[in-house]
Amino acid sequence: MNRREGHGWHQTLSMWQQICLITSTLIGVGVLTLPRTTSSKLFEAGWIAPLIGSAGAFVSLWLIVKLSKRYPGETFIEYSHKVWGSARRPWVGKVFSLPWICTYLVYLYFSTAVVSRVFGEVVVTSVLLQTPLEVILITMFLLVLFLCMHEVEVVARVNELLFPFIILPLLFIAIASFQKAEFGNLLPINHVSMRSTAEGVYEGIYSYSGFEIMFVFFAYANQNTNKELAGFYSLLIAALLYMLIVVAGISVFGYEELQRVTWPTLELVKSTQVPGFILERLESAFLAVWVSAVFTTVANAYYAVVYSLRQLFRKGIRFQRVVAFVLLVPLFFFSRIPQNITEVFKLASLLGLSSLVINLLFPVVYWVAILIRDMVTRREGRNVDG
Amino acid sequence: MSMGKFLRYFALLIVCTSLLTGCWDRRELEERASVLAIAIDQDEDDENLYKMTVQIPIPIKIAGSSGKGGGSGADAVKIMSVTGRTVTDAANNLQMRLNQRLFLGHTRILALSEEIARKGIQDIMDSFRREPQIRRLLWPIVVRGKASTLLEIKPRIEPIPVVFLMGLIENGMKLGRIPDQTLGDYFNQTSNLTMEPFLNYVEASKNEVSWKGVAVFRGHKMMGILDHLQTWALIQLRNEKPGGDIVIALPKTKNGYVSFRPHFAKKKVTIQDDFSATFHCELQGDIVELTEDLHIPPEQFVTQMQALIKKEMENRAKKLLQQLQKQYNSDILKLGLTLRAKHYHDYWKTHDWKKDFRDFPIRVKYTIKLRRLGMEMQ
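Protein sequences appear in the order of chains H and A.
For the first sequence, the working numbering begins at 1 and goes up steadily by one.
For the second sequence, the working numbering begins at 1 and goes up steadily by one.
Okay, chain H solo, but in the shape it has when bound (with noise of 0.2 Å):
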């Protein structure tokens, strides 16, 4: 463990950074369609889905801070081989924990190029009509290649500094369009079933998973804050935001329109008007503005990504950034891969199933492989003793 230590940045990260990290992961494209996805199924319930999908996902988080408690300072791609192989024959770890760390590796790589392909779509169709996709692509890219230059302790300081301009613009913009609300439009809210609350809750699910990068961040939290409370924390920061932002567009909007507009949120910036007419179309400083909301959300999972690949292959930080430039090439024709926009929707739609069971499924079997071995290994002791 201690091979590349001689870094001081090692286990740093104070409470703060780790709320700021997740929440700013969380945060990202996934808002600008939240009041459309949420309430599809919930109508005008739609704002109770943040507030189930958080405290699933918080259940999620605990199981995930947990693992990192049990092997404080390892991250995920360290204590895979401890929890499947043994003492005795090391190889066994290895072979075995890498189609779980490939699978992790995968999925974080793929949701990257979603998010960045969501957002280009979103500032090619609403404001910068002329730029070629790939321009805001590569524009993205290269800031994410830019970050992945340095540490952790970097990343985590990025995004503590870019945690205001990703919180305040939401928070301005739900307050500012209730002077426009219709707060009819939010009941009646028992009419729906428990299966259609079930499916809101999974439409919008991609807006609540990104927290799967502190399966490597964890390792350099402070031994000394209170993760669990961290988790809390920022998943209560998020789940707020976003329930703020739904019943801001189910009020202003209604449920039915909602469904006809592709971008929800824009919408709502749209329509809100600032007084004395300072900034009109707003929506462009908002999208300005998000660029470091949705870059948040994809550099930290990029350097998740590459990060990892540097510890499995235990390399120092030239073969992290060398990394990093090689696999932005392929990753630019993943994001290309959607033919239009309804491509790119139904493929984030299963990026939040695959979040769904990365989520959920990998925890608990950690979990569950744990306490195998941990009852296997008390046995053999009592076995030694007898």
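Calculated directly from the structure, the hints in this document are not laboratory data.
Every residue, glycine too, gets a C-beta built ideally from N, C-alpha and C.
There's no promise every hint is true.
[Stated by the list, open to error] Okay, derived cross-link-like pairs now, DMTMM-like style, lysine to aspartate or glutamate, Cα gap no bigger than 20 Å in a straight line: (1) A/K349 with H/E256; (2) A/K267 with A/E282; (3) A/K266 with H/E256; (4) H/K270 with A/E312; (5) A/K119 with A/E47; (6) H/K270 with A/E170; (7) A/K354 with H/E256; (8) A/K334 with H/E182; (9) A/K319 with A/D356; (10) A/K221 with H/E256; (11) A/K267 with A/E312; (12) H/K270 with A/D126; (13) A/K268 with H/E182; (14) A/K349 with A/D359; (15) H/K270 with H/E182; (16) A/K342 with H/E182; (17) A/K342 with H/E134; (18) A/K267 with H/E182; (19) A/K146 with A/E208; (20) H/K270 with A/E131; (21) A/K334 with H/E256.
[What the hints assert, rightly or not] Heads up, incomplete: computed chain H residues facing chain A, CB under 7 Å, no partners named: (22) E151; (23) L187; (24) S251; (25) F253; (26) K270; (27) S271; (28) A288.
With chain H held as given, fit chain A onto it using these hints.
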């Protein structure tokens, strides 16, 4: 500074300057033909064609007119008309006649002729829904006669006619006399299953424009109009806006009038158990005019006037409901929304509001609170 470091910074500078210059969509203000208003009519010759008229300001003329002191104000804008099978088709035809690219981001007024509004405007609205430049805050207006007349007015107070028109609407909104119906509201109301949309209705002559009330829609089709008195009752009951002054003939006098200016309106809708609705509306305001002295003590005067205004307002509301329910069958009062919100299981699920609104019993009860009598004591 070493050479290598210098080179590195130099490269960074080059990269930054080349990346920060802007993008494909950079377009200077003078390279755009900003459309301030769009009017859509039916073409006179061909029934299947739309005629689109746009108003484009001429920047150099606007700057010049203030120096010259007006006079040539009407020339500050260019008005162009084109025809097309659809709105986009017409816009394409327009682009062929312009030196700069059309820019709709500053469009503030969308004028629709009564004729096409009565035929239904769903097909027109589609392109406005899709176009990202179009602002949801622009005002669609139904114009009596031809919509293009609204763009051709020469108000002379303002060099740009649309600015005059915007001022008229904005001011009316602030006074609470003209409802604030934006394009976004129209979209929401047409999508919403519980309510119907309405738009402001104006009449334009050669030099002037005058607000006449609202055009009531059912779906995307205009059903009829409400005049300004009924509209004021509507916005009291719907938006809690005070509406305009209420001028009533005094009973038992030759030619006496009293004018009441409402300042605040509050409403409450209650649904009774037998499914009938009651609008309670409270108006607070002052007497601003009394053309004949009634020679009664002030306390008695106040109660008498309150009763008089209450009766007048309830009559207006009755006429409003008569028109909305029996004539147009269009719920622009947002009553359906209240019913769905509060009586989903016991009423909404079993009824078809689009049909049942017509016969839904609605009562309106006004409470008038006469607060002051202006600068005059009696």
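Take a quick look at whether H/K270 and A/D126 sit within 20 Å of each other, Cα to Cα.
holds (17 Å)
Checking one constraint from the list: CA of A/K342 to CA of H/E182, max 20 Å. Satisfied?
holds (14 Å)
Next pair to validate is A/K334 with H/E256; report whether the Cα-Cα distance is within 20 Å.
Distance ~15 Å between A/K334 and H/E256 Cα, so the pair holds.
Has the given pair, A/K334 with H/E182, been kept, meaning a C-alpha gap of at most 20 Å?
Cα-Cα ~10 Å, so holds.
Has the given pair, A/K354 with H/E256, been kept, meaning a C-alpha gap of at most 20 Å?
holds (16 Å)
If you draw a straight line from the CA of A/K266 to the CA of H/E256, is it 20 Å or shorter?
violated (28 Å)
Does A/K267 pair with A/E282 here, judged by a C-alpha cut-off of 20 Å?
Cα-Cα ~6 Å, so holds.
Tell me if the straight-line CA distance from H/K270 to A/E312 falls inside 20 Å.
violated (41 Å)
Holds or violated: the hint that H/K270 contacts chain A, with Cβ atoms closer than 7 Å.
holds (5 Å)
Going straight from one Cα to the other, do H/K270 and A/E131 come out at no more than 20 Å?
holds (13 Å)
Is A/K349 within 20 Å of H/E256, Cα to Cα?
The hint holds at about 17 Å.
For the pair supplied as a hint, A/K319 and A/D356, is the alpha-carbon distance within the 20 Å limit?
Answer holds: A/K319 to A/D356 is near 19 Å, not above 20 Å.
Taken one by one, the earlier hints fail for this structure at numbers 3, 4, 17, 22, 24 and 28, listed in ascending order.
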